[in-house]
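From first to last, the protein sequence lines stand for chains A and B. Under the numbering used here, think of the first position of the first sequence as 108, with each following residue one higher. Under the numbering used here, think of the first position of the second sequence as 2, with each following residue one higher.
Because the hints were derived from the structure by calculation, they are not lab data. Just so you know, not all the hints are guaranteed correct.
Said to hold, decoys possible - Example chain A residues on the side facing chain B (calculated, C-beta under 10 Å, incomplete): (1) Arg109; (2) Thr132; (3) Arg142.
What the hints assert, rightly or not - Derived coverage of chain A by chain B (criterion: at least 3 residues anywhere in the stretch with Cβ under 8 Å from a Cβ of chain B; other residues may be distant): (4) 148-159; (5) 401-411.
Where is the CB? At the ideal position from N, CA and C, for every residue including glycine.
Each chain is listed here by its residues.
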Amino acid sequence: MRLSVKHLLGIRDLTRQDIEIILDTARQFKEVLQRPIRKVPSLQHITIVNLFFENSTRTRISFELAEKRLSADTINFTAGGSSVSKGETLLDTVNNILSMKVDMVVMRHSASGAPHFLAKHIPAAIINAGDGINEHPTQGLLDAFSMREKFGTLEGLKVAIIGDIMHSRVAMSNIYLLKKMGAEIMVAGPPTLIPQYIREAFDVRVEYNLRKALEWCDVANVLRIQLERQNQVLFSSLREYSLAYGISKRLLDSLPKEITIMHPGPINRGVELDSDAADSKQSIILQQVENGVAVRMAVLYLLSGGRELN
Amino acid sequence: MNEQQLAITIKRLSHQILENHVNLDNTVIIGIQPRGIYVSDQVVREISQLIAPVQVPYGKLDITFYRDDIRKEILLPNHTDIPFSIENKNVVLIDDVLYTGRTIRAALDALLAFGRPAKVELCILIDRRFSRQLPIQPDYTGKSIDSIISQKVKVLWKQRDGKDEVVLL
Numbered sequence: 108m109r110l111s112v113k114h115l116l117g118i119r120d121l122t123r124q125d126i127e128i129i130l131d132t133a134r135q136f137k138e139v140l141q142r143p144i145r146k147v148p149s150l151q152h153i154t155i156v157n158l159f160f161e162n163s164t165r166t167r168i169s170f171e172l173a174e175k176r177l178s179a180d181t182i183n184f185t186a187g188g189s190s191v192s193k194g195e196t197l198l199d200t201v202n203n204i205l206s207m208k209v210d211m212v213v214m215r216h217s218a219s220g221a222p223h224f225l226a227k228h229i230p231a232a233i234i235n236a237g238d239g240i241n242e243h244p245t246q247g248l249l250d251a252f253s254m255r256e257k258f259g260t261l262e263g264l265k266v267a268i269i270g271d272i273m274h275s276r277v278a279m280s281n282i283y284l285l286k287k288m289g290a291e292i293m294v295a296g297p298p299t300l301i302p303q304y305i306r307e308a309f310d311v312r313v314e315y316n317l318r319k320a321l322e323w324c325d326v327a328n329v330l331r332i333q334l335e336r337q338n339q340v341l342f343s344s345l346r347e348y349s350l351a352y353g354i355s356k357r358l359l360d361s362l363p364k365e366i367t368i369m370h371p372g373p374i375n376r377g378v379e380l381d382s383d384a385a386d387s388k389q390s391i392i393l394q395q396v397e398n399g400v401a402v403r404m405a406v407l408y409l410l411s412g413g414r415e416l417n
Numbered sequence: 002m003n004e005q006q007l008a009i010t011i012k013r014l015s016h017q018i019l020e021n022h023v024n025l026d027n028t029v030i031i032g033i034q035p036r037g038i039y040v041s042d043q044v045v046r047e048i049s050q051l052i053a054p055v056q057v058p059y060g061k062l063d064i065t066f067y068r069d070d071i072r073k074e075i076l077l078p079n080h081t082d083i084p085f086s087i088e089n090k091n092v093v094l095i096d097d098v099l100y101t102g103r104t105i106r107a108a109l110d111a112l113l114a115f116g117r118p119a120k121v122e123l124c125i126l127i128d129r130r131f132s133r134q135l136p137i138q139p140d141y142t143g144k145s146i147d148s149i150i151s152q153k154v155k156v157l158w159k160q161r162d163g164k165d166e167v168v169l170l
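Put together the whole structure using the sequences plus the hints.
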């Protein structure tokens, strides 16, 4: 059994079986990470470049750690301080790096579709680490892994995705993935941050009232308000957003059942999530980060295949 | 090899292991995934009955990430479950068929992630002699057979294949 794809560009391209293979393999890698020696030699013949054209802490560290735990050689590239500022094109930058014999590319880029463009032009396996407002597939996978770990299955699970749906690649990857795995999805947030036709396009529930969304769901995946992407005024102030859509421990305690809180990070504490809610027992935010390494190991391992030595 | 012969052989292997490890408090048993655990499950059950109420630590090891042919083909891993340290322990590795020796080579590598054992022994149900590609030999052998490379040895188990049997194809 192998994946139906050569690259991980988005969850959109994966089959349900692909997702199951990745999540099952990630479970075995999670065990590897508990061993006294947390490293396997599987990718010692592989060189990976991490191309980050956009800021990142969690994702970049998580990928780098995953690569090292698999014994791959890694090169890190960040756009600041590179020849990108001298006007080199994306394809030229990547081709120059590939001519130094690199097997896999992990890329984050602010332009939606940048990894898809690259996949058409270069022979290396490409893993999308977030492209613009399109997808963030490894985040979707680690969210699914964390939910499956907690609830056993995704089938029939009620997941509310709350916040800035419009600008969120995490929301897109979550919706594609949860849909394929048979979960029920609701998106919630202010009308200005929810795309108008999302109900028709993805067959998801839409809710503008936070309390109603929380009462409905088993899991609330709370998104970050992306201050860097707010070039229009979509809500009047952070304080107003926080009053209408911020989740506090008091609100959680007033719900009829205990729900699970997730967040892809970094948290704007006091905006979408209060500190006492983020640090409560109901939150699995730090488990998500831990699972991220195992999920990325699984993706890298599964896409590294079939390279004979010459 | 039919069901009865298989049961007797497993019993003998269990007694031999016990004979060499009288002081079982420093010994651990590890079965190799996926098919070695059918042998190790039975050996552990047998030994447990003999030494009850003492329990011998028992783990399962998957070697997929340590294979030397990983460059050719990506295989999906099975579960590893070794909930104890093997530092300074006597480890008895158990597998169903010993053929080229490459699986055991990978298992010896994989074991190191769990500590530095005092000693490692190998217990094998079926030893295909004269087909080794690495200098690896078993310490406990259920049955040695001479087979040519084009032949296949299949060990069938009731839980999985409906009957206990060893066949040469």
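We went through each hint and held it up to the structure:
1. For Arg109 of chain A, the suggested interface contact is upheld, since its CB lies about 6 Å from the closest CB of chain B, less than 10 Å.
2. For Thr132 of chain A, the suggested interface contact is upheld, since its CB lies about 6 Å from the closest CB of chain B, less than 10 Å.
3. With 10 Å as the threshold, the beta carbon of Arg142 of chain A comes within range of chain B, its nearest partner Cβ sitting at about 5 Å, so the hint holds.
4. Counting residues of the stretch 148-159 of chain A whose C-beta lies closer than 8 Å to any C-beta of chain B gives 3; at least three are required, and the coverage claim holds.
5. Counting residues of the stretch 401-411 of chain A whose C-beta sits closer than 8 Å to any C-beta of chain B gives 3, which meets the bar of three, so the coverage hint holds.
Violated hints for the displayed structure: none, as all numbered hints are satisfied.
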